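Chains as they are written, first to last, in our numbering: chain A, 15 to 249; chain B, 372 to 558.
FYI, nobody ran anything at the bench for these hints, they're computed from the structure. You can trust all of the hints, since none of them are fake.
Example chain B residues on the side facing chain A (calculated, C-beta under 10 Å, incomplete):
| id | residue |
| --- | --- |
| 1 | Q423 |
| 2 | W445 |
| 3 | V455 |
If you anchor each label on the Cβ, the simulated ranges turn out as follows:
| id | chain 1 | residue 1 | chain 2 | residue 2 | range |
| --- | --- | --- | --- | --- | --- |
| 4 | A | A128 | B | E543 | 28 to 34 Å |
| 5 | B | K460 | A | H80 | 42 to 48 Å |
| 6 | A | P99 | B | R463 | 43 to 49 Å |
| 7 | A | A231 | B | K539 | 33 to 39 Å |
| 8 | A | L162 | B | R461 | 37 to 43 Å |
| 9 | B | K460 | A | S49 | 20 to 26 Å |
| 10 | B | K539 | A | S49 | 42 to 48 Å |
| 11 | B | R461 | A | A216 | 46 to 52 Å |
| 12 | A | S49 | B | R415 | 23 to 29 Å |
| 13 | A | S45 | B | R542 | 41 to 47 Å |
| 14 | A | S45 | B | A464 | 22 to 28 Å |
| 15 | A | L166 | B | G513 | 47 to 53 Å |
| 16 | B | E517 | A | A76 | 37 to 43 Å |
Just so you know, these numbers come straight off a predicted model, no measurement behind them. From the three backbone atoms N, C-alpha and C, an ideal C-beta is built for every residue, glycine too.
Okay, here's what each chain looks like letter by letter:
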Amino acid sequence: MKDEEIDKVLKEAAQSAQYLDQSVLERIDDSIKTSMRPIRPLPPLRLIAAGLVLICVAVSLAGAAHAGFFGIAKMNLLERSLIFPALGLLACLAAVSFVGQMIPASRLRLSPSALLVLSSAALLAVFAVLFRDYHTDHFVPAGIACLLAGLLQAIPAGLLSWLMLRRGFAVNPVSAGLVAGTLAGLAGVGMLELHCPNFQAAHILVWHTAVVPVSAALGAALGWALSFRVRSDGR
Amino acid sequence: MHSSDNSEMLMVRYQQGDFAAAAVLVERIGPRLHRFFVAQSMSRADADDLLQETWLRIHKVRHTYRSGEPALPWFYAIARHIRVDHYRKRIRAAAGERELEEKSKGASSASPEAGTVDELEALLAPLSLSQREVITMLKVEGMSLEEVARATSSTVGSVKQKVHRAYKKLRESIGAHPGRWKSGGPA
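Between the sequences and the hints, there should be enough to build the whole structure, so can you do that?
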């Protein structure tokens with residue numbers, strides 16, 4: 015059987031059915047009529063995305079200002095000119111993706127999981143190229159301190175990003191949470207690169223990069239929990 | 372003028388508080404969304420409820436529609452969200468995993484001969500839920516691949532893959548009962 019024949023069968027099956035009672039449509043009209051008023055549409059996508067990137071930059075700078083700019087002070091020109099533009103580019107991608115997640119039927123250029131993989135892989139590649147000190151002093155204690163510091167920085171970035179997009183509507187809260195977590199995690203990594211003077215390759219590759227997937231996982235879990243709560247409330 | 376062109380203009384007027392535009396949209400899009408719900412193996416009563424729930428949500432989040440963007444995928448994205456929520460509520464309400472599996476098996480293996488089953492439902496019965504929604508949007512509602520991808524938050528490639536697999540199943544299903552569908556419905 016050819017595809018065209020299947021198309022025809024589908025069309026005929028759909029046309030032969032009369033499903034909807036007119037009274038249902040009338041009830042819908044009645045229910046929306048009472049609250050009909052002009053509303054303010056969301057601002058342009060680029061403006062929201064730029065706002066999200068600015069939030070991440072501001073949170074990273076504020077965190078590093080509080081903890082000290084020891085990392086960037088120790089970096090050479092090549093390290094600075096590769097790490098921060100890469101972080102900026104990834105933050106732009108994550109911001110655009112987060113805006114897309116909060117507006118129904120946005121065009122999906124990069125899936126949430128692909129964004130996470132791309133962000134983690136790009137950071138790993140940049141760090142692997144730049145840092146060649148393979149000593150591992152206090153690998154776990156120093157690493158956990160950095161991971162926690164990065165995640166703590168991701169919290170305000172995530173909250174402020176959510177506040178900025180609170181008027182949006184996530185059709186898939188788990189995906190939206192994953193993307194928001196990735197964006198917030200990048201803010202956390204930004205703060206660590208500005209602050210952390212530990213340039214041991216293993217430390218940066220494992221613990222600094224880990225902020226992004228851990229933050230993304232926490233964001234996805236939060237999205238799931240929120241959607242679960244909304245369903246439980248029956249709203 | 373293509374109907375979707377009007378839908379975009381009507382959405383902008385709806386955002387501006389024009390009830391007449393909203394009523395035209397309800398009249399035009401409502402039956403399509405209802406058919407979308409019914410094609411997912413839902414009862415008429417469930418489809419009616421979900422349609423009303425969908426419109427209340429559409430009304431609540433109408434500010435998220437962006438002028439100039441296709442309106443149809445926006446409606447379907449919200450309808451799909453409501454439908455997914457509905458299934459999850461049903462899952463939670465079900466007594467146990469086994470009972471749920473039996474229900475979904477029953478739904479997906481619905482016999483085309485069953486008297487109460489509509490032609491479209493019976494035809495789509497062998498397909499998975501994600502395949503059904505893609506086929507309904509693409510082949511029944513006449514949306515483009517790009518529009519379906521937007522509505523399902525996926526890529527065009529993923530939609531094409533689902534359509535390909537769905538057609539394979541449909542070909543087998545229709546081929547297994549030659550003559551049943553040629554007269555426009557189940558015998």
